[in-house]
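2 protein chains.
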Amino acid sequence: MDTKYIFQKENFSLSNDELLLDETLFHNANGYIGVRSNYEEGYPTNFKTIRGMYLNGFYDIAPMKQAEKLCGLIEEKQIMVNTADTQGILIEINGESFSLFSGEVLKRTRTLDMLNGTTSRDILWRSPSGLELNIKFTRLTSFYMLPLFLVKVHITPINFSGTIKITSTHIGDVMNFFDPTDPRVAGESHRHIEVKNVIHDGNATILHAETITSKLNFCSAVSHKTKAARTKADGTTKIFEYDVNKGETIEFYKFSILCDSIRYPDYMDECIYLIKTAASLGESYFYDKQSEYLRKFWDNCSIDVDGDDDLTIALRYNLYQLLQSAGKDPNSNIAAKGLSGEGYEGHYFWDTEMYMQPFFTLTERETAKNLIRNRYTILEHAKQNAKILGHKQGAAYPWRTIMGRECSGYFPSGSAQYHISGDIAYAVIAYYLATKDKSLLAECGAEILIETARLWIDIGNYCEGKFHINEVTGPDEYTCLVNNNYYTNALAQYNLNWAVKSVQMLKEMGLADHVLNKTGVTDAELAAFTSAADAMNLPFDEKLGINPQDDSFLQKKMWEAHTVKEEETPLLLHYHPMYLYRHQICKQADTVLAHFILEDTQSLETIEKSFAYYERVTTHDSSLSTCIFSIVASKLGQVDKAYKYFGDSAKMDLFNTHKNTKDGIHTANMGGTYMAIVYGFGGLRIKESGLSLCPVLPEKWNSYNFSFLYEDAKISVKVMRDKTLVTLLHGTEKQITIKGKSYALINEIEVQ
Amino acid sequence: MDTKYIFQKENFSLSNDELLLDETLFHNANGYIGVRSNYEEGYPTNFKTIRGMYLNGFYDIAPMKQAEKLCGLIEEKQIMVNTADTQGILIEINGESFSLFSGEVLKRTRTLDMLNGTTSRDILWRSPSGLELNIKFTRLTSFYMLPLFLVKVHITPINFSGTIKITSTHIGDVMNFFDPTDPRVAGESHRHIEVKNVIHDGNATILHAETITSKLNFCSAVSHKTKAARTKADGTTKIFEYDVNKGETIEFYKFSILCDSIRYPDYMDECIYLIKTAASLGESYFYDKQSEYLRKFWDNCSIDVDGDDDLTIALRYNLYQLLQSAGKDPNSNIAAKGLSGEGYEGHYFWDTEMYMQPFFTLTERETAKNLIRNRYTILEHAKQNAKILGHKQGAAYPWRTIMGRECSGYFPSGSAQYHISGDIAYAVIAYYLATKDKSLLAECGAEILIETARLWIDIGNYCEGKFHINEVTGPDEYTCLVNNNYYTNALAQYNLNWAVKSVQMLKEMGLADHVLNKTGVTDAELAAFTSAADAMNLPFDEKLGINPQDDSFLQKKMWEAHTVKEEETPLLLHYHPMYLYRHQICKQADTVLAHFILEDTQSLETIEKSFAYYERVTTHDSSLSTCIFSIVASKLGQVDKAYKYFGDSAKMDLFNTHKNTKDGIHTANMGGTYMAIVYGFGGLRIKESGLSLCPVLPEKWNSYNFSFLYEDAKISVKVMRDKTLVTLLHGTEKQITIKGKSYALINEIEVQ
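Note that the protein sequences, when read in sequence, are chains A and B.
Position 434 (the first sequence) corresponds to 434 in this note's numbering; numbering is contiguous.
Take the position in the second sequence, starting the count at 1, then add 1000; the result is the number in this note's numbering.
Read the hints as simulated data drawn from the structure, not as lab findings.
Treat the hints with caution; some may be incorrect.
[Unchecked claim] Below are the EDC-like pairs computed for lysine to aspartate or glutamate, each with C-alpha atoms no more than 20 Å apart in a straight line: (1) B:1048 to B:1017; (2) B:1557 to A:551; (3) B:1557 to A:464.
Predicted model, so just to flag it, every value in this text is computed and none were measured.
Input sequences plus hints: build the corresponding full structure.
Structure below.
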């Protein structure tokens, strides 16, 4: 067995902080359902826990009052709802309650098995009266049957025979987590679900609940498989009693199904059907299916670093989390924290398109497609949002959302980040370039490109022959509401050009009817797109030879990042926004990100100077920053620096370096570490001009390899000290540029 | 009697809208206590009323939650509290309740008598059963005894004899007004006072209450003077019964006293003492004192327009309201709505310094002095506010406040308006220039100048040899968080220079000890002030020959004000802020205001071009705008235009042109109309270089005159068609420039 798919903690700490962190790190999810790794039996009452089971895209509405009302400000937000709690499993041995906080824990291990798709908790416990047991919990959220959450418990008495009682709960009366002291999670308690009905059907209990404001519905069902001497029921709680002999193992399986009204119009019937089906198929079936699914997954996206096993595990952990987090249907997307916690309230950001979609575009196309389709399902909301912002046309995608309406309460670093519309357009184009799949463009991609292009026309204006985009915020939230943010303008230019290009391509293929009918776009309008793109104002400073982040960035007070004190970070928690806006200080990659995604817009010399300049003033207070700096450092041949930046980001959650992993994983950073290898060290680029690689190898590694899909082909890359091997695993011959030289990839190419 | 001191409405409408408006228009106030002109007997229950009695500077704290928490954002605000309600007087005639909404109102008149300082309501009423009475209510808030509110009721039966019952209430259980549909007043109901105790002392009832959060205290006392046949008491309510004969008049006087714990440490003793004193002095005493006070007031600030009596009344109305609104001690200032209503929650803004203080500086120096002292009492809060905003030094005056802490919930058009610190500095300097009173500078003025100058140093930074002030908002709230707002920079320059000058002057006079000790300012720091002032970046556009409102104003999309549709105004209620920020569109005078207050900073040609430019893009959605455009039009010799702008603003409240006078008067606009005559048409300027006039006469007027104080002198100006008379009413000889020519003013000068 390849141990680099195993992440394990032995004799883990029982401190509350560690428990909260591990609730995130060991959570189970499958893109639809997410379950935090709470203890089945709970913690002591004075412990804090974020106990939750979530459904991707399933939300309620919460008020978000503005301190001062102004036209168009957002006054309510969607929040990911904590649904029913089916985690509870209490164990009593001869009347003594099992708990890690009583008696003596002789051994304990938590494991995430990324090949088999399970987490487990393995405990050797001595009760206060001296009874010794081995108890192992194994959890799975099924990639095969998305609504299924399965818990297995095996209990083995070591030094006694006696009675064991298992109490299994199914609770509908749950709330979302709140913490009034932390601005990054909800500060107020709101009840979001109401139980409407409880049904007993055979061995299953089914609970029907409705969200308070959004009026969405879900059903949760629970059934058990075990051989107990006695069973009884108390409402939705079931109690199982066993007479056990020393050395004998009790097996207990708890099946939970969660069906929501978004995906399942007949959610109750479906829930009942699935709980019966799951129970009758049995646990082994799902373990097998899970392994099978993951074998395919790892086969598609295998990644390996020879010379740093921990890193390989961290990388795989990251990819596994992306898989767990990504919505598997067009009704959902990837939340900033995946399905691992309530940080950012389950909202979807630009993180998807710029940090996570690349991974799926290169390895799991169905997911990438769904992500684009999800943005298409909310296109009408984006058009409505544009109207709220005063625009006469176009689609302004919400900065943060679940179902499509904007949820950003502070618009200068929310709605003002118009670049998200360009980011979504960029992802549509990237998917096309990697797949050459015109059908998705015809179905929805081109329409997204047209409507976002229309937005740029409406935001911008000509001034002295240049097309200006004023009063927007780029990715760097430490400078808001600026004019001609380089990143935004460069992306808008790309968006405008590709809107025109996509319509032309579809017309040539006879596939343009849908987009032309839906958008009514005319040749004159397309010509206006081109004119604006051609005239786009891309700020450039002659003296420094760099692209200023925006028109006025360089005239502000310089604040060198190395002078920022540790205790002042992240700066946003310690300085009034206006103070930050008044300085040359960046939270994260902004112009440097533009230099990665649109590298041909500037000369290498400009990119090099820009990189050096922004390095001086970037604090990397955002988890989205270092991976981008790593990629551009690789591009510039600064491999040691690239490696340094990479190291900071790859292990962020496993080492909790941002101190808030308890609220959920940083999914975008996980995608970013993948990008830092494939686009960074590997130098992969997929452009209109074709496929290219420009690999470098960090000093500390012996080699690394990865594989990816390109058009009809699958290609693997192995970068070693003395050579690089590029192999066409399947598909037709490809032209590929490696380190600037063009090759025909038929079977394998070896480059020194 | 001069009827131009009388504002009267006969047979006024009884619509709810009109009643709400008249509650404001006929309110009584004296700078300490303010009472809305609510009907003593109330309205029908389905009518809306903003029933209130306020104390200037007396506040409670209300929460103001931010939609997204960010460092330093304001999360609570002060609000002017509605105190006890002593207005209630219910009248029954032979068992029939008097109400303007039953029976028949044969005649009705509301009057504001600005010479005697009273309001009255005179009604000829026929009851449903046919009884006819004359009822007259007369109200006064005393300028002599500030805590006193006095209501006189005279009732005369016309066609019957019978029984009349008067029920007089004194209610502590009151709330502030709220309206969830209007962003300009409080949207939520909060209880702000709690009655702690009720005391009966002789004929007086005294009520002691405390504010819920700020824990301030006040006492209200009520006593009556009347000759009733029978009286009884029910708690704080008193009932008086009379047996009256046809033609006989009942006289009823209700004395109320309101003492707060801010001014009166022994507020309860003081309240009891004052209610007894007031009752024993008797009503006539206060009527006489009131007339005496107002004779002096009008004598100091007499203003008259021959050829437009309505305008003369409107002007006097405005000055009278300024007198009613202005705090009479350093504990208070002038609220944006005076003491006439709850709009803007009783907050003090820059309106004081830039629009109202000029009137007091020229006519009522004690009040002007108190306003400066009030800003000095909150200097420590302003320093604290600077720290909240990230600054290492200096005083950042709050954009809106009562007791000194910032109450602005939306910082881009709140705290970002740093110019308020410059405005306060400007008012300190203006007071000095008009009075040459170095003692106030020594006492507090210079310290304010130093601390505000320090703020500019901390906000700004040098860039290519120029001193930049970035990320601030000028007076025009339709463009926020800009770089180098011309108004702000020009004012900062003036502030910095005068900080240095004031210390020099005080040193020369041997008066500098206090400011040097308090601020610790060094010669090096003063030199840095001068350097920054000298290097101040004042944006100038060579091509247009104007001062751009800020660095990027001219590159934005042009939105000509004449194309704005009526139904879109004010724009702030119809467009998202970001949309406004992205356009060349101004809410109000900004650069044009700078061209008035600091006219020597630019050439006349630049000012003329700027004026023409900003005219095109200004909507005057703020009531602070047209008066400034009028002044600058006068300066430029565009008298017809000046007259047009002036006409729009002088009668704003009397004609309710902004449709929100119900929430209170627009005190700043009232000061602005005064300025439009004295500084505008009269062309008065008081600068370091001396006193000057440059009078023009609007076509429609025959003449106008005004008088003002200058140094030790009082000077009157009468501008006629063919000549201007300038008279030294008292004081020593002055040098004066009239229409560019210098004169010695000994007795009178006549200029053609």
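Each hint tested on the structure:
1. B:1048 to B:1017: 9 Å, holds
2. B:1557 to A:551: Between residue 1557 (chain B) and residue 551 (chain A) the Cα gap is close to 16 Å, so the pair holds against 20 Å.
3. B:1557 to A:464: Judged against 20 Å, a Cα distance of about 12 Å means the pair holds.
Of the numbered hints given earlier, the model fails none.
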